[in-house]
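Asks: Based on these hints, arrange chains B, C and D on the given structure of chain A.
4 protein chains.
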Amino acid sequence: MDIGIIGYGYWGPNLSRNFSESPRCSVVAISDPKRERLAQAKIKHPGAKFYDDYGAMLSDCSVDAVAIATPVSSHYQIALDCLRAGKHVFLEKPMAETEDQCEELIREAARRNLVLMVDHTFIYTGAVRKIKEVIDRGDIGDLLYYDSVRVNLGLFQHDVNVLWDLAVHDLSIMDYFFGLPVSVSAIGVSHLEGLPEDMAYLTCLFQSGAIAHIHASWMSPVKIRKTLIGGSKQMIAYDDLEPSEKIKVYDRGVSLSSSSWIDYRSGDMWCPKLDSAEALKSEAKHFIDCVHGVAHPLSDGESGLRVVRVLHAANKSLSQKGKMISI
Amino acid sequence: MDIGIIGYGYWGPNLSRNFSESPRCSVVAISDPKRERLAQAKIKHPGAKFYDDYGAMLSDCSVDAVAIATPVSSHYQIALDCLRAGKHVFLEKPMAETEDQCEELIREAARRNLVLMVDHTFIYTGAVRKIKEVIDRGDIGDLLYYDSVRVNLGLFQHDVNVLWDLAVHDLSIMDYFFGLPVSVSAIGVSHLEGLPEDMAYLTCLFQSGAIAHIHASWMSPVKIRKTLIGGSKQMIAYDDLEPSEKIKVYDRGVSLSSSSWIDYRSGDMWCPKLDSAEALKSEAKHFIDCVHGVAHPLSDGESGLRVVRVLHAANKSLSQKGKMISI
Amino acid sequence: MDIGIIGYGYWGPNLSRNFSESPRCSVVAISDPKRERLAQAKIKHPGAKFYDDYGAMLSDCSVDAVAIATPVSSHYQIALDCLRAGKHVFLEKPMAETEDQCEELIREAARRNLVLMVDHTFIYTGAVRKIKEVIDRGDIGDLLYYDSVRVNLGLFQHDVNVLWDLAVHDLSIMDYFFGLPVSVSAIGVSHLEGLPEDMAYLTCLFQSGAIAHIHASWMSPVKIRKTLIGGSKQMIAYDDLEPSEKIKVYDRGVSLSSSSWIDYRSGDMWCPKLDSAEALKSEAKHFIDCVHGVAHPLSDGESGLRVVRVLHAANKSLSQKGKMISI
Amino acid sequence: MDIGIIGYGYWGPNLSRNFSESPRCSVVAISDPKRERLAQAKIKHPGAKFYDDYGAMLSDCSVDAVAIATPVSSHYQIALDCLRAGKHVFLEKPMAETEDQCEELIREAARRNLVLMVDHTFIYTGAVRKIKEVIDRGDIGDLLYYDSVRVNLGLFQHDVNVLWDLAVHDLSIMDYFFGLPVSVSAIGVSHLEGLPEDMAYLTCLFQSGAIAHIHASWMSPVKIRKTLIGGSKQMIAYDDLEPSEKIKVYDRGVSLSSSSWIDYRSGDMWCPKLDSAEALKSEAKHFIDCVHGVAHPLSDGESGLRVVRVLHAANKSLSQKGKMISI
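Chains as they are written, first to last, in the working numbering: chain A, 1465 to 1791; chain B, 1465 to 1791; chain C, 1465 to 1791; chain D, 1465 to 1791.
Chain A on its own, in the form it takes in the complex:
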């Protein structure tokens, strides 16, 4: 499978490295409008062709698929052009700026029978997959809450707010665990005039009664990536910055019985072994499988759309001081 990379900024080099390391895939073309980036790309991928315009790449070069790592505002147009050129598409998150754009990309891919996969990287990590496994086994009981703190210092984005930059990771994880919420509330502040919100709190309510909450910030002196997932039987603490004990499953919890009595259990904690493979490597492999028709994307266009739907409701709520918005 021959793949072309569109966008060689922060994330593009990771994509091209992982695709090039697969024995079933070759990175044959890379496009980016910036010359210095193409120069760097040439050092790492001397055998590829280079373009400052992705349109030229599409017309000139016979790639089977493209991986798009450009700013969000350009996702829709580039992905659409690629699909229309008959290419399978691996698209950076968030999928696009509007729900309409997402839907059009989904329709276009379906019509042409092409793979459209959104880069929800976290659901390909050993940690998130292990949590999913624990949930699916029924160990933790009913999902009661998802609480995440995802904060650090900068980098400030000038085009999107902190929810689109950081909370999007939690939204893709939550989509994987819970599906779509029914309503969303967000409160945020910007500390620099004219720039988007740099810290925000997002709350999602689910049909089941479960609640999710995300604290996203570029204004924290320390980097934190901590998630608590509460179930009626067990609870999980997930710290993505822990080198070797990312996931802790606690028997210790509150047992919610049908009577009015609460039973506090306090039992063992279990820290499962995780698959330590690089998420993007697994994800690249999965995309290649999808292109070969032996798998359907775990993070398909529909999940990309659901995440954008929540982000849009969040933006609406932000502008109304946290008003609860139905989805």
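A couple of the hints might just be wrong.
Claimed, not checked - Keeping only pairs whose Cα atoms sit at most 35 Å apart, straight-line, the calculated DSBU-like set for lysine-lysine is:
| no. | chain 1 | residue 1 | chain 2 | residue 2 |
| --- | --- | --- | --- | --- |
| 1 | B | LYS1498 | C | LYS1506 |
| 2 | B | LYS1596 | B | LYS1498 |
| 3 | C | LYS1690 | D | LYS1785 |
| 4 | A | LYS1737 | B | LYS1712 |
| 5 | B | LYS1513 | B | LYS1749 |
| 6 | B | LYS1712 | D | LYS1745 |
| 7 | B | LYS1690 | D | LYS1712 |
| 8 | C | LYS1687 | B | LYS1745 |
| 9 | D | LYS1506 | C | LYS1687 |
| 10 | C | LYS1712 | D | LYS1513 |
Please keep in mind that the hints were generated in silico from the structure rather than gathered at the bench.
Model, not experiment: these values are computed from the prediction.
Replies: Frame of chain A; chains B, C and D shown alone:
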């Protein structure tokens, strides 16, 4: 100074121990309706008198002051009775159930020239006082945010929700740092029918543009007490469970200049030495000073009232799914 | 059972509190040469009798047992006097200054059919008992090593070196797990002329081939209490300062097979629930059981002697720059 | 400057990457006896020449310098051949198997006026350089001790023991801070017949009275890299696995005064900002400067020799159960 303790449940023994250890104060009377609690009190304070009814204590016994550690719903009536009996009052937080009750207690104490102090324990800790010192020195610049996670497993309260039980600590700290917010939003859930909210998220907006957010929960598998305080120059991380490094002051921060440029500084961190005295010991000493007329309560009735005002707005917002409530 | 406490300095108050809280035991007498200590004792135990001389206590007062918490140099004489007066003895660690003294106390107790128990507190903690349980179940396989770091800042002792003050805890734990080593080496330094070693490294070799090593220091800027216990199948990390996750059992380990191949396993970690009762409470209960003849001391005179034997060999090695001393 | 890389196993790729990223240096040749390694090297350095024999590389190819990352046992012969061929040498640690070999390499380099630098990577890290800066400023007073725990699970080496693999890092750091010790003691065990020691404890005594101790192990279930450095005024805790707070400088310490009084100070802790550049990048730059004659190697042949001297004494002591060996 002779003091009587009303309520000898969870907190009362701490109050009586700290007051009894002061050389300027004697615990001469203890009242509690439960016999087994009085039995325990007798072991620790063999020289005191014991009452199953605080009214009997007030009429029988010539105490100068009382410390009240009973359920919130009883605070108003007991404190009022004590003030009317001419006793100085040290009152557990939250001060009372309603703002009207708080105001009446404040008026009654003022009219009779009695001390009314609310037990906002945290503002007497070495950690919170050190943060206040750093803020007052101007080191951290303008206060931009206060973010606190105060979660653990149980104990579920049947009479008040988790904000009244846990967030009240943050509200007293915030009152000490920031004063009263202008609006409040809270979202919470109860996982047991008929019981109050066991997890909740509270957001406060301030006149200055600062934002505060508190995650309070009885449903977390792990106990967390972490607060981030962001300023325009420095930021503080405060972890109350750290045995020896509770407070870290980060030079590393975002410098917000008037231009549109953001300057990321990343400098040293400083971990100041803290006064390790038990907060309640300092607080007892302060109350005795106030009774002797040489100090005014740092946590006076007005601050107790402000905290109750926010808690009430929070309850209102909770019942309206997070609607922003003006104060 | 009536007990008398001899020595009311740092540890005596803990002993008297725990014995007095048992329903099967009364603290009826307390002796200490210092008046201010007796004054404090009177506040906590108003019903007891007080003596500035333990001899007077022994002759005047009909106690069944004594708990001795005095400096090491006085252990032998006091314990001997108590045994000769027909009292059961609960004796602070280290048991005595010399092996001969330990042996004489053991003989005296045996001759008079009295209980002689040494206060090896740690083996009564939930953590150490859980480790013992895991070892005894055979889960970790053969014991390969015990490595402990037990360091903090001060308090400097003027009468004993840091091994007698801190490493003694590890020696009592190791005695519980492994029994007596066959040889001992210790290297230490004193940073103040005329004072005993304030930091030292102790190595013990066992018949089985197992090795133990203890780093003890009063010169560390941070307090550390970390022990690694390696087995041929599993390994345990024990951090006594962790509030809720003191013990972690790792499947992850090196499998030592008979062939020359090494198999690196890397599996789950398990953090068992621990009994959170205060060790001294369990220990007091156990001593009372022993006096009542329904148990034999887990930490009897023999184990006290074994620990002193290792400490003596360590001192000998210290004075010979780490020469390996056979036991 | 044209450089050739000899050995493309575990460390060689890091060397070639860092040298190739310098604008003042080109990696023009790579040699390794294993074909699959050369294949990987070709992907990363398509412009270089490749050799399965370093001798061929030396005769064929006009490099100015070589970087040698082969097993210890081959260091001496390869380095000697390279020096004789007139190449500047960057040599992996430990420098060689014997002191004689080290001395001969030093003489050979001196005679030919060539740079001979040993890859003591750690002394080029921001952390170690900051500690050196703090020591040199006199802030911590006299150096009293260096205590390091450097343990993890495997990888077992079949050719050298764990001191040569792990403690060598501490020895190079200690050499940078303290210089050469006067005597050395080491105790270790091997848990697999015929293989070298997999855990060992090394003690070094210095002329000044300072003591150093290193716990090195391939048998720990957890990875630890913690060093305590004690001075008469301040103490430093250095945790190399901490992502952002590697170094903590404690005012809290014991003040050792000339009188017999000990003054416990307990003051602030300070966590300085560190240079976060990759150590090997700084080191490569430094080597290039040395080759250009504008610097002398911080880790020259003499320091390489001193480290080998201590390792040899340690091996001698290991074989005599910890006997103290003079250097």
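Asks: Could you run down the list of hints and mark each one as holding or not?
Replies: Structure-based check of each hint:
no.	hint	in the structure
1	LYS1498/B x LYS1506/C	holds (27 Å)
2	LYS1596/B x LYS1498/B	violated (40 Å)
3	LYS1690/C x LYS1785/D	holds (25 Å)
4	LYS1737/A x LYS1712/B	holds (33 Å)
5	LYS1513/B x LYS1749/B	holds (23 Å)
6	LYS1712/B x LYS1745/D	holds (31 Å)
7	LYS1690/B x LYS1712/D	holds (21 Å)
8	LYS1687/C x LYS1745/B	holds (25 Å)
9	LYS1506/D x LYS1687/C	violated (51 Å)
10	LYS1712/C x LYS1513/D	violated (50 Å)
Hints 2, 9, 10 from the list above are not met by this structure, while the remaining hints are.
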